[in-house]
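Student: Chain by chain, the residues:
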Amino acid sequence: MQPVTRTIRVALAGNPNSGKTSVFNLLTGLHHQVGNWPGVTVERKSGAVTYGGYRFEFVDLPGIYSLTAYSIEERIAREYIIDELPDVVIDVVDSGNLERNLYLTTQLLEMGVDVIVDLNMWDEFSASGARLDRGRLETLLGTPVVTTVAHRGEGKQALLEAVIRLSENRSARHRHVPISFGTHLEEVVADLTTRIAAAGGERLGVPARYLATKLLEGDPHIVEILHNRVPAARAILAAIDDLRQRVEQAAGQEPSRTIMEGRYGFISGLLREVFVSQTVDRMEFSSQLDRVLTHRIFGLPIFFAFMWLLFNGTFTLGAYPQTVIAWLVEHLAGSAQAALPAGLIREALVDGVISGVGSVAIFMPNIMLLFLGISILEDSGYMARAAFIMDRVMHLLGLHGKSFIPMLMGFGCTVPAIMATRTLESRRDRILTSLVLSHMSCSARLPVYILFAGAFFERQAGNVIMLVYLFGILVALLIGRLFSRTLFRHEAAPFVMELPPYRWPTGWGLLFHVWERSRHYLKKMGGVILIASLVLWVMSVFPRAPQPGPFVSRGEAVVVTGAQEDAVAVQSISADGAAVAGVSAEEAAAERRQAAASIEYSIMGRLGKAIEPVLRPLGFDWQLGVSLITGFVAKEVVVSSLAVIYQIGQEDDEEIDAGLTSALRDPKNGISPLVALAYMAFVLLYTPCIVAILTIRREIGTRWMWFDVGYQLALAWLVAFAIYQGGQLIGLG
Amino acid sequence: MRRNEHPFLPVGPISLDRLLPCQGAKIVTLGGSQVLRDRLRSLGLREGAEVVMVKQAPLADPVEYRVLGGHITLRREEARAIQVDEVVWMPGGFRHAPGRRHAGHWHGRCASAEPAEAAEPGAAGGAGRRWGWARGRGWWRRGRGRRSGS
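Protein sequences appear in the order of chains A and B.
Counting along the first sequence from 1, when you hit position 80 you're at 86 in the numbering used here, and nothing is skipped either side.
Counting along the second sequence from 1, when you hit position 60 you're at 534 in the numbering used here, and nothing is skipped either side.
I should point out that these hints are in silico values taken from the structure, not numbers from a laboratory.
Keep in mind that this is a model prediction, so the values were computed, not measured.
Think of the CB as a built atom: it goes at the ideal place given N, C-alpha and C, for glycine as much as any other residue.
It cannot be assumed that every hint is accurate.
Unchecked claim - If you only want the chain B side, here are some residues facing chain A, beta carbon under 8 Å, derived:
1) 483
2) 484
3) 486
4) 487
5) 489
6) 491
7) 495
8) 505
9) 510
10) 524
11) 533
12) 548
13) 552
14) 554
15) 560
As the list claims (entries may be wrong) - Cβ pair distances, simulated, as ranges:
16) 557(B) <-> 303(A): 26 to 34 Å
17) 492(B) <-> 537(A): 58 to 66 Å
18) 479(A) <-> 505(B): 54 to 62 Å
19) 491(A) <-> 492(B): 34 to 42 Å
Use the sequences and the hints to build the structure in full.
Tutor: See below:
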């Protein structure tokens, strides 16, 4: 193998839907890392490859249509090029839409970077009957032109070699052609260029002409950069607005329009010389398909059918790996129970860590399948149609059509839903969507509803649960509108969006991407839930309640306290033979009493009692309070914590259900149907589980996380209060 | 604003959101914020470009347009900021405003292939008629250039 002589840093730019991701996968061969651009939650993919004696370091820039300053993606791309000065930029072009894709190319050329134009999707181009004179294109553009069919794996070698040639300056065609903006504007540009160069603008690493052009376009980002980094240029900056106004008056139109016309004029002149249009419209098939999928009448039902398919599919398919994971967790708990000596560590491990992590790990397959489903929708192009169909409704909430699918995902699990908000382009939309989607009742809350509704409303239980869900949606709508009118009045991004042609989502890259995303979730979940479960366990076990007297050996019906009900309970349990694991019935009952007493005595219990005054107006007592606290870790834990608090045997699910139901109904515990309603409303509205909260922090920021926690708690309290007190007033109490 | 003898084909600059399905027009001016204008331009919706209204979403908003070989969607309120002129019927469809029905008309869709021969509107299976400056080669035939050197 040749010794590596040089490292070449390459950035990939291009329109969304140009197949840039496929090109990146082609070049890096799936050896890449996924991270974030600093300070923002936009995905950053990077990878390295060795070829021909060189080491290539690739960075995938976000998909952009142009290099203005107005969206996060564009700013990221721009800043990367200016600050990091990559050796080569590969501009991935969708060959089927040359005119629009080349608009970005012209702007890259203006920045003075060394560009390689990669005509991707070349197979579609050739098949469409279009023709292109590549040699002439290279001459006219002044850049190398390579063709690839990335999704079929073709073109890697040609591309890498073009990069090598370009960076070694061996290519004779390496010559930048400045685009003319018309005689009048050119005078102004030339003058401004000279002045900027004199002020030292080229220190930034980009041509002075580029800076001049941007200033004439009124680009706020460039103004800021110049102001900060090139103090000598401030005089120019002060006069720039005036200059633009004069140009606008003289030309009868704003400079940015003239500049844009210059670019497009260059492109169409270019294409006239080298390009023969296709005889077949490439959107023909997609248009035909859209006649059905976005049909005036059938479009909506078809869309809902797809959504139903997506969610049902993930849960049905996910059931198989779920049973495997459940078995694994049980097995692990069992062997830990058997292998370790009785004592604190074993309890911590089994009751705390394994059961805690296990209850959340169970959801992993569903989440991975959800990610896969979403990726398929995106890559095939249907996601854009989904946004197209739902935008009207979303706009009423002050949101974007693309918000719909994350909100829908919130019904499954809040965490991937928040991660899915990355498809939204503006930060404002992402924040608002994330705040609102927490109210889409996640599937972990469902067991709580089933329990309470089943205990108190019996035959109406199904309707009550439905009502809870609808209430959540209603709250989401109202909150969405409220926030978008008050907190988020400004900076709503335009909806303008492309509907790409439908394409088959391609295999390995997709799976790899899903794996990357899920792996991140797994790591986060593993770490956080582990700690949180441990903390929860510690809080619920310490300090330990004083022990009652020792048990008599098995077979003797000794009961620690002499209540009549206990005797009956013990007898009935023995009759059913529910004693397992070598523990007799009365020992089991006594253990449960012990556990319940422990809870009351522990930090958790004391915390519950401490907040009881706050919960009293809602009709909750300290026991319900404790269960709500445990819900911070994971909503699944609420039911099991209730089971412990009310001393229900945890041998099997049916026993838990029956036991809990009767415990809840027990007037001693002071829960009435009204309280149950208030409780369910509270569970619906209050903060999501800790993994979701931390995901919000990661995706949006710490301040917003606290805001979310605060407002959701307040909202939950207010609504539960209204339900309970209001109900009492009416006399439903 | 006059109406010519062809119903539903307005004359004079109108806002983009008023185009009916299968109508094409040329963009005259872009309104709205700087952000919106830059975004529109980078997607091909620029002054001087030809745009065709394809369809509206099931809930009547947003609207899908065809421009520069791609399909773009815009909300009606964004489309209202764009002024267009020289409205023509694209071949393949003569669509009445929703709700009107006439026997014998073909309520077709926008054809994406070569425009069919002009026919009288109202003839069964007829294509839309090309009007005014759109007669002849048809401005929707883009990109027919010469190969270099020929």
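Student: Tell me the numbers of any earlier hints that the structure contravenes, in ascending order.
Tutor: Hints 1, 2, 3, 4, 5, 6, 7, 8, 10, 14, 15, 18 and 19 not satisfied by this model.
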